[in-house]
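*Asks:* The lines below spell out each chain.
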Amino acid sequence: MARVALFDPCYLGALRPADAAHARRVLEALGDEVTLLDGRCCGQPAFNSGFRGEAKRVGRGLLKDARRHDVVVTASGSCTSMVTHYLPGLFDGSRGAAAGRIAGRFREFASYVAGHPNLERVALVLEGTVVYHDACHARRELGISAAVRGLLERVQGLEVRRLTFEDECCGFGGSFSVKLPEISAAMLTGKLDDVRQTGARVIVSTDFSCLAHLEAGARGLGVPLETWTVAELLSRALG
Amino acid sequence: MSTYHERAAKEMREERPSATVTPIMRKLIEDSATMLRRSPEDAKARAAAARMYAVDHLDGLHAQLRVQFQKRGIGYHRAAEPADAVRIVRELLGDAKRVAKSKTMVGEEVGLTHALRAAGIDVLETDIGEYIVDIEGRGPSHITAPALHLNRARIREMLARTGAELPDDDPVRLSRYVRDVVGEFFRDCDAGITGANAVVASSGRIMVVENEGNVSLGASHPKLHVAITGLEKVVADEDGALAILEVLAPSATAQPLTSFTHFLAEPDPGQQRHVVFVDHGRSAIAADERYREVLKCIRCGACMNGCPVYRAAGGLSYGSPYMGPIGAVVSPLLWRDGRYADLPYASSLCGRCTEVCPVGIPLHRMLLELRGDAVASHRAGSRKERVGWQAWAFAFSGATRARAATAFARISLRGAGRVLRPTGERDDPRLLPEPGPPARDPEMLRPRESQPRPVVVPVADIESEDPVELFKARAGALGVVVVEALEPAEGDRVLDAVAAIAATGSVLLTGEAAARRPILAARRVVVRVRVDTIVRYPSQVGAYLGTGDALILTGASRTADIEKQIVRGIHGSEELVVVLEPPASANPGR
Chain U
1 MARVALFDPC
11 YLGALRPADA
21 AHARRVLEAL
31 GDEVTLLDGR
41 CCGQPAFNSG
51 FRGEAKRVGR
61 GLLKDARRHD
71 VVVTASGSCT
81 SMVTHYLPGL
91 FDGSRGAAAG
101 RIAGRFREFA
111 SYVAGHPNLE
121 RVALVLEGTV
131 VYHDACHARR
141 ELGISAAVRG
151 LLERVQGLEV
161 RRLTFEDECC
171 GFGGSFSVKL
181 PEISAAMLTG
191 KLDDVRQTGA
201 RVIVSTDFSC
211 LAHLEAGARG
221 LGVPLETWTV
231 AELLSRALG
Chain D
1001 MSTYHERAAK
1011 EMREERPSAT
1021 VTPIMRKLIE
1031 DSATMLRRSP
1041 EDAKARAAAA
1051 RMYAVDHLDG
1061 LHAQLRVQFQ
1071 KRGIGYHRAA
1081 EPADAVRIVR
1091 ELLGDAKRVA
1101 KSKTMVGEEV
1111 GLTHALRAAG
1121 IDVLETDIGE
1131 YIVDIEGRGP
1141 SHITAPALHL
1151 NRARIREMLA
1161 RTGAELPDDD
1171 PVRLSRYVRD
1181 VVGEFFRDCD
1191 AGITGANAVV
1201 ASSGRIMVVE
1211 NEGNVSLGAS
1221 HPKLHVAITG
1231 LEKVVADEDG
1241 ALAILEVLAP
1251 SATAQPLTSF
1261 THFLAEPDPG
1271 QQRHVVFVDH
1281 GRSAIAADER
1291 YREVLKCIRC
1301 GACMNGCPVY
1311 RAAGGLSYGS
1321 PYMGPIGAVV
1331 SPLLWRDGRY
1341 ADLPYASSLC
1351 GRCTEVCPVG
1361 IPLHRMLLEL
1371 RGDAVASHRA
1381 GSRKERVGWQ
1391 AWAFAFSGAT
1401 RARAATAFAR
1411 ISLRGAGRVL
1421 RPTGERDDPR
1431 LLPEPGPPAR
1441 DPEMLRPRES
1451 QPRPVVVPVA
1461 DIESEDPVEL
1471 FKARAGALGV
1481 VVVEALEPAE
1491 GDRVLDAVAA
1501 IAATGSVLLT
1511 GEAAARRPIL
1521 AARRVVVRVR
1531 VDTIVRYPSQ
1541 VGAYLGTGDA
1551 LILTGASRTA
1561 DIEKQIVRGI
1571 HGSEELVVVL
1581 EPPASANPGR
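Here the protein sequences line up with chains U and D, keeping their order. The opening position of the first sequence corresponds to residue 1 in this note's numbering, with each subsequent residue numbered one higher. The opening position of the second sequence corresponds to residue 1001 in this note's numbering, with each subsequent residue numbered one higher.
Hints were generated in silico from the structure; no laboratory data involved. Bear in mind that the values here come from a model prediction, so they are computed numbers and not experimental data. Heads up, some of the hints might be wrong.
[What the hints assert, rightly or not] With a straight-line cut-off of 27 Å between C-alpha atoms, the simulated DSSO-like cross-links for lysine-lysine are:
(1) D:Lys1384 to D:Lys1044
(2) D:Lys1223 to U:Lys179
(3) D:Lys1384 to D:Lys1010
(4) D:Lys1071 to D:Lys1223
(5) U:Lys64 to U:Lys179
(6) D:Lys1097 to D:Lys1010
(7) D:Lys1097 to U:Lys56
(8) D:Lys1097 to D:Lys1564
(9) U:Lys179 to D:Lys1071
[To be verified] Facing chain D, according to a computed beta carbon distance under 10 Å, are these residues of chain U, among others:
(10) Cys10
(11) Glu33
(12) Pro88
(13) Phe91
(14) Ser94
(15) Arg95
(16) Gly115
(17) His116
(18) Arg154
(19) Gln156
(20) Phe176
(21) Asp194
Backbone N, C-alpha and C define an ideal beta-carbon position, used for all residues, glycine too.
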């Protein structure tokens, strides 16, 4: 049994407050003792917009809270990537090194579960068909795509379809989706076309930010689509 | 100047570049990956190392190069700023009135064509794609495929503006029409201007790659050849240049190598040769730890081929000679007046650019750095946005405040998903997300029937352990006829290759055999290759390169400037025949 913190990222807390409960349920089924870490943000929204001072100020709070924990399971590939790859770089010298040590404890939820020693002991069953969206930061910054797909394939009764253009971005990109809305929407509709062609009506991803964007487009265009995080899918597969 | 957002929105509305560009790029990026897999496993690492060495030793390599150029009688020139480059080229051109220019990105960067025309010189863009976009008047939309944004019908319209009477828009017909105009100009023009892909410091040779044969004509201009390139394009030695070759064409155009790879040495008798190196802020970039790696760039364009933003809004939206992710990084660094400060925001930060870059430039991380710089220097981020982020930082730097803020967002967004669009614009197809536990319908887990999906047909891969068999297969795939014996015919140009490259189906010619104009003029080019001189990869051909003029031929002269459709036989014969001959020991008579 491991003691872990579950970091519930700010946007997930705002938009999908039930998701943290799904993640907690899965971790507890694996035998982990879970402490919720919420009310924090990794600083990525400001960082990606170029506002580094603001990002640092916000990210510092997260690192401070994370100090007490050995493992911080994070329900977002994008936030994990921000913390592990970029946040320490905002601090100088010894503070940077200290930030790096804390940041090294962050693990993306799905890949953490995929590598969990107790995974074998947990029965995962869900009848149905979904399509997997490979979030850019999970794929390229964290390199966890294969592990996550492997995890989904463990779910009995579940067919996981793949997109034809799996490596293409959904067009979210944080403030990009508002600053360059025409381009963002064009990328989104391309992705939705790809989703539609698979026949699947449930899309699963490590990252709710992409899913929220896909859902925003699907509802705007009247495309029937449910968006599930990996945490929700696994929680439902526990029965 | 307009913003990137304004230009992109207008371009998408009026030109719909994505319809032409996206299908082409989806295939190209797959084919590039296939081509790169044919290269040695360490090809990217060696190319990156060769480029990094150059960036780390710019001054030393240039000092070495000056000496080598002097020995070979090649003029060495250095321009601090674009205006200096233009002045130097004008002086070198002397009283030349008609000048044939081939593709050079640095030429675009310094505004060479425009400046020379303003000075009364008749400049012809001789690359087919450049010729077309020159008529359109909006510049190239891609660094290796300038007219990518135009489909064949639009290209026919462009050519008609100059009086061309073309019965249809067949890419073969359109390409050959431009070829003939260019060929005619080359008969009596006064000088040739080209770019350079790498300049070898240890030997003073200039490497230039091309497909059509217009560089062959420009570089062999009987009186004057001027090459213009970036300060960073120097490499230590031939091995470095060959390492770049192994990844350049595969990444750029999914070709094993371009039709022609020139290693230009001393000028021909009666000819002058000069190289102009443009700094334009490159020295400053080399001194900046955060950005110096961008100087490793070999201008292959893979980052824009893979970029979803480039595909959606096209290359012209960037408003810079350098477009796509590399353009978004390098433009604000070269032009330091802030005019391109918003380009680093033209990215969703998906990281595809970094993934496909063959020399390992962390492009998306540089975009993030540049955004930070733009905000710090007040070149990006409106007053309103600054205040917004400050308020955000206040709210999210304390857990209690952050919980309150997320709760507030939850409440204020409730019901928003039914009516509100993120930008408030009616034509935004998106609705704001609806907070709260999502509705779930078990039926949704039952799929609909899948629909026919687009299939990207990959290039056929041919493998063989035997270099001779591999050479036959790869050369054959490029349309080269490989035979064991051949009756020469009238008009044949029969040449002996010093080596051949199996993986790329190429032949290497040196010295007299590399003379370009007779090769282009021949009805058919016949190259004799001794089978014991066939190496596997370009990087192994160094021992055969000699010390003078060298030319690697990879298939016949061709273009793919119109909708990426390959048209063979541009400047030069469509027919390239290779005659395989037994090893030297078995044929002592030759």
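*Asks:* Against chain D, run the beta carbon of U:Cys10 and see if the smallest gap drops under 10 Å.
*Replies:* At about 6 Å, which falls below the 10 Å cut-off, the nearest Cβ of chain D leaves the hint on U:Cys10 intact, so it holds.
*Asks:* Measure nothing beyond the straight line between the CA atoms of D:Lys1223 and U:Lys179; if it is 27 Å or shorter, mark the hint as holding.
*Replies:* Violated, because 53 Å separates the two Cα atoms, which is more than 27 Å.
*Asks:* Hey, does the U:Arg154 contact hint survive, CB to chain D under 10 Å?
*Replies:* With a minimum Cβ separation of about 17 Å from chain D (threshold 10 Å), the hint on U:Arg154 is violated.
*Asks:* Closer than 10 Å between Cβ atoms is the bar; does U:Gly115 clear it against chain D? Give me holds or violated.
*Replies:* Where the cut-off is 10 Å and the nearest Cβ of chain D is about 23 Å from U:Gly115, the hint is violated.
*Asks:* Hinted pair, alpha-carbon criterion (27 Å max): D:Lys1097, D:Lys1010. Please report holds or violated.
*Replies:* 38 Å, violated
*Asks:* Is the hinted pair U:Lys64 and U:Lys179 satisfied, with a Cα-Cα distance of at most 27 Å?
*Replies:* Between U:Lys64 and U:Lys179 the Cα gap is close to 31 Å, so the pair fails against 27 Å, i.e. violated.
*Asks:* Within 27 Å, alpha carbon to alpha carbon, are D:Lys1384 and D:Lys1044?
*Replies:* With a Cα-Cα distance of about 44 Å, the restraint between D:Lys1384 and D:Lys1044 is violated, given a limit of 27 Å.
*Asks:* Is it true that the CA of U:Lys179 sits at most 27 Å from the CA of D:Lys1071?
*Replies:* Not OK: U:Lys179 and D:Lys1071 at ~55 Å, beyond 27 Å, violated.
*Asks:* Would the stated hint for U:Glu33 survive a check requiring a Cβ distance to chain D of less than 10 Å?
*Replies:* At about 21 Å, which exceeds the 10 Å cut-off, the nearest Cβ of chain D leaves the hint on U:Glu33 violated.
*Asks:* Hint check: is the beta carbon of U:Phe91 less than 10 Å from a beta carbon of chain D?
*Replies:* This interface hint is violated because 14 Å lies over the 10 Å limit.
*Asks:* A closest beta-carbon separation below 10 Å is what the hint needs, so does U:Arg95 meet it against chain D?
*Replies:* Not OK, violated: U:Arg95 not within 10 Å of chain D, min 16 Å.
*Asks:* Hint U:Asp194 vs chain D: min CB-CB distance below 10 Å?
*Replies:* U:Asp194 check passes; min Cβ-Cβ to chain D is 8 Å, inside 10 Å.
The structure does not agree with the numbered hints 1, 2, 5, 6, 7, 8, 9, 11, 12, 13, 14, 15, 16, 17, 18, 19 stated previously, though it agrees with the rest.
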